[in-house]
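K.L.:
Order-wise, the sequence lines are chains S, V and R.
Numbering of the first sequence is given in my numbering, commencing with residue 36 and proceeding in unit increments.
Numbering of the second sequence is given in my numbering, commencing with residue -2 and proceeding in unit increments.
Numbering of the third sequence is given in my numbering, commencing with residue 2 and proceeding in unit increments.
Source of the hints: derived by calculation from the structure; they are not laboratory data.
Warning: the hint list may mix true and false statements.
Below are the PhoX-like pairs computed for lysine-lysine, each with C-alpha atoms no more than 20 Å apart in a straight line [said to hold, decoys possible]:
1) S/Lys318 to V/Lys28
2) S/Lys52 to S/Lys109
3) V/Lys209 to S/Lys318
4) V/Lys28 to S/Lys325
5) V/Lys28 to R/Lys49
6) R/Lys40 to V/Lys28
7) V/Lys209 to S/Lys325
8) V/Lys28 to V/Lys81
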Amino acid sequence: MSETMADAGADTQPLIKVENLRKLFPVSKSIFREAHDFVHAVDGIDFEIAPGESLGLVGESGCGKSTTGRMLTKLTDATSGQILLADEGELIDIASIQRSHMRRFRRRVQMIFQDPFESLNPRRTVYDTVAESLTVQRIGSVQQREERVAELLHRVGLTPPEQFLFRYPHELSGGQRQRVAIARALVIDPTFVVADEPTSMLDVSIRISIMDLMLKLAEEFNVSYLYITHDLAVARYMCDRIAVMYLGKIVEIAPTEELLSNPQHPYTRALLSAVPVPDPAHKRERIDIKGGISKALNPPPVCRFIERCPRATDHCRTSDHPEFTDLGDGHFVACYNL
Amino acid sequence: MAQTLHIESRGGRVGTPLLEVQNLVMHYGTKEGEVSAVDNVSFTLNNGEAIGLVGESGCGKTSVALTLLRLLPDNSVIKGGDIKLDGESLIDLDEEQMRRRRWRDISMVFQGAMNSWNPVYRIGDQIREALRLHWPETLTYQEETDRIGALFELVGLNPVTMERYPHEFSGGMRQRAVIAMALSCNPKVIIADEPTTALDVIVQDQILRELKKIQQELGMSIIYISHDIAVIAEVTERMGVMYAGKLVELGSTLEVFHRPRHPYSYLLLSSTPSITGPRRKLAPLEGEPPNLLNPPTGCRFHPRCPFAIDKCSSEEPGLVEVGEGHSVACWNWQEVPEIGGLQK
Amino acid sequence: MADILTPPTERLDGFDPSAVLEEPLWRIRLRLSWRSFRKNWALFSDNKMGIVGILIIALFGIMALAHPVLMATVWQDHLEGGKNVYDIRAGADSIIVTKTIVEEVTDPVTQISQIEAMFLGTGVSIPEIGDTIEAPLANPAPPVLSGVDHPHILGTDPFGGDVFSQLLFGARAAFLLGAIAALSSVALATLVGTIAAYFGGVIDTLLMRLADLVILIPLLPLLIVVSGFWNVELTMLGILIGVLGGLGGTAIILKSQALSVKVKPFIDAARIAGGGHWRIITRHIIPNVLPLSFLYMMFAVTGAIFTEAALSFLGLLNIQQSWGIMINIAHTQGYTLEGLDVWWLMLPAGLSITLFSAGFFLVGRAMDEVVNPRLRKR
Ligand SMILES: Nc1ncnc2c1ncn2[C@@H]1O[C@H](COP(=O)(O)OP(=O)(O)OP(=O)(O)O)[C@@H](O)[C@H]1O
Ligand SMILES: Nc1ncnc2c1ncn2[C@@H]1O[C@H](COP(=O)(O)OP(=O)(O)OP(=O)(O)O)[C@@H](O)[C@H]1O
Ligand code: SF4
Ligand code: SF4
Ligand SMILES: [Mg+2]
Ligand SMILES: [Mg+2]
């Protein structure tokens, strides 16, 4: 499998290394019957993220982006495959982390959620929410926690902090809530943060300030992001590299500008040609592909994109889903007909 | 018979004014006070034209549309202004006259409509219901079916799917059916409120192209409402930028994008990431959208405006013409810098 | 992990986090709860129904508190035959009147003389016609508003007990029963519902089948059977009603609420923070279910009072005194059909049961609007 790995940079050890990760959801499960149908939400993906790097995961709704993120944060257990996390110079498999070491894992990996209205407990104050990790893991005295939370609020731009510490979520605007969610994720000094569409529910006018904040904090706290989004323009703004996902598979992965200027997979091309551009003078070449994404219910072993692919050949129809082809400079594509 | 199959815009000659909105003011009464959701909005929609209204959430885009259709909730009051369709004022019509005009002359693709199909009826029958209520003559069942089939084909759906139930449709198909329903009575104007917001980019692109085709081929007049300026850039010829219930800039889409004169439009444009052009530092728009219960005095944008001058906080700027068909409501519009051909 | 807590000050451009908080945390929290109470009260008090409910409950509260106070003060000295006239039970024997026997009445069925029956086994010799005897007043006395001889402002029951005193005492019993039943039912329902929702799977299935079972068993007949085997008194009744109510419908409703909370991203966020099951249940799910629990507590009171009244009416409970018992006595002594002539026997108790239940119901409805903002008018 290692030749299909999309390396971030060979010189540094990766922070996160995902190998052949799969998640199948059984359909029509009941206690009395074995499930025979499975949604292949994530169907064998590999990638690496270097320390301090941010990787964008883009794709249409239902392609498995959130499921990937949830596996990386151990909210969902993987069906198979490995997630390796660098810990004191060693790569450890997070599936094998014992309960007693979970807290240590929780310190290193955090998550920012999509919906700022649902991701904060409406009955807890900003202080309670941000301090939760510290309280649960019994870090510091009450006084120290208060100071740490105040510091974080200051850093995420909720100033002066004393005005925000004891507010409830309903007393904050959407943007402010997302800042609280960012503070909560960073309060424990993680090294890796999964951000699942953190700006898609926000007003257009405040998206950029949240994205800028995340970029600034990534540097200050030296964290890596897995930045999940369906918006390629946002991914371009936020990420060093972009992985394009389609029905549980990563079909193309490359450094951001390389991917945008030189897309190789037919799906990436179609996706790029469909992104609206905020310039009425911009004329673009359209690539037509059929319909919308289907559900990955018991997919046949062939290329996942075959039903919609304008380039599909007989070879595609008779072979397994293609492995990554290395195009050099960290550009990998899974397609037979380049 | 053939006429029932014909899908057209019943508007007049392309290029002549069709819908004229003048100084429209609409408030919602709430327990906390009056929400000034539409404040002094004026614009004109010409026959065969696509115009756009853009602005962030809660700025009053949907409220403008609902006021045009007079489909407002009970707690709303139209405080003033006029709406003229083909020269005839809609404001003075009584409810019954308005009801007859509503779907037939002005129809609307409501925000989130693709999720409000009644799950227990077939899609086709729900469109049939609209036809029965609003088509001027009584049609036979077969005529209705034929017309629905023609509408389906126009929006890129297979006519046989009209027998299906909403849950058997994907999101994109449901939205196409919503558009078919809006077209069902050959309206003069279609208002499309966030027509593609919940859809994936590829589906969004397909639907926008279909709408554009319908607009150009049938000479249909469409008002697009969206918070996404990229969508507005794709499909409209002229556009208005709304901020806090007010229209702050109005002009040709090309001009507003390449030479925005209002600070808000400028910041909105320069804070929108794009996949084309240089990957550059974007200018964030600071602060929070205002509360319409108690909007800022003077220019409603002044608490967030980097170009604000003294009188902005006390005096309200009106729309002034700054170029051919391009007007802006700002005291200090001369200071707004050039974006310089956003993507070049 | 002390390094987390010592911020690299050079990045904070002069901001000193230690200067932020002067007040201790508990004081801030106290203030916050007070503020949220005030806000909820403002919402609640918008609703006229709720205020009426509160007033009704307050009235009964005063009644319940008044009984012991009156007994210890104003009513203290009304002794007759060594017993207090106002004592809810003992008062029955206290009004002794002198009667002359004028006629010998024989029970048509048993063929035993009624006078014989009265004195049988008392050790007193059976009197004959023309004798004078001392006997308790076995007729209800009508209300008299003033006067030392007849100090019963709501009259007496057939045994001579003071109706007003019994009414006040009944309010106490109602509060006690309502509180026990509501608290136990809702505490149980919240716990069962939340645990079923949170853990799901087998635990959920078991708890929910149990709930179905409890719903299938009709409460009243079950309690009738139970009271045939045991001496059911007030506390026991409260707990029984609570447990049966709490495991049934309320548990299912609170479970669905807990389910809708459980799938919220903030629960995932709490897991990522490292919180265990118990912390997530107690700190994140239950606080969001609690408003609904409070609501059902109000309705549980209503249910408990009606159940008690029904069981007492049937004479199945071993309860010292309650509104239900008052009606039961009027009934068993044959006054049910006398109608308004002896209104003081049934009306005060019946009205109290209705009003007391209505009070809690109204409060529940008003709370519903606070808990479910969708019901609120704009
Ligand atoms: N808990 C679950 N049980 C069953 N199926 C699931 C579950 N979670 C996700 N799925 C399915 O797995 C697939 C991938 O879902 P996922 O949420 O990862 O998509 P996504 O890429 O994040 O989409 P979106 O952009 O809409 O958030 C979908 O088909 C979804 O229906
Ligand atoms: N029925 C109502 N009563 C009171 N206020 C209302 C009502 N409907 C809308 N509003 C308020 O009026 C303002 C304008 O709302 P509107 O729905 O027109 O905004 P919008 O621009 O369409 O926003 P979005 O992009 O979120 O759809 C908002 O501040 C909203 O809160
Ligand atoms: S492998 Fe074949 S079917 Fe798959 S994307 Fe490439 S050309 Fe299309
Ligand atoms: S009027 Fe003043 S505050 Fe308003 S947009 Fe223009 S410069 Fe800014
Ligand atoms: Mg997702
Ligand atoms: Mg709207």
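K.L.:
Would you mind marking each hint as holding or not holding in the structure?
P.N.:
Outcome of the hint check:
A C-alpha spacing of about 49 Å is found between S/Lys318 and V/Lys28, which places the hinted pair above 20 Å, so the restraint is violated. A distance of roughly 14 Å separates the Cα atoms of S/Lys52 and S/Lys109; the hinted pair therefore holds under the 20 Å criterion. A distance of roughly 15 Å separates the Cα atoms of V/Lys209 and S/Lys318; the hinted pair therefore holds under the 20 Å criterion. Taking the CA atoms of V/Lys28 and S/Lys325, the gap is about 50 Å. The hint is violated against a cut of 20 Å.
For the suggested pair V/Lys28 and R/Lys49, the alpha carbons sit about 17 Å apart, so the restraint of at most 20 Å is met. Straight-line distance between C-alpha atoms of R/Lys40 and V/Lys28 comes to about 15 Å, which keeps the hinted pair within the 20 Å bound. Proximity of V/Lys209 to S/Lys325 is assessed by CA-CA distance (about 19 Å); at most 20 Å being required, the pair is judged to hold. A C-alpha spacing of about 32 Å is found between V/Lys28 and V/Lys81, which places the hinted pair above 20 Å, so the restraint is violated.
Checked against the numbered hints given earlier, this structure breaks hints 1, 4 and 8; the rest are met.
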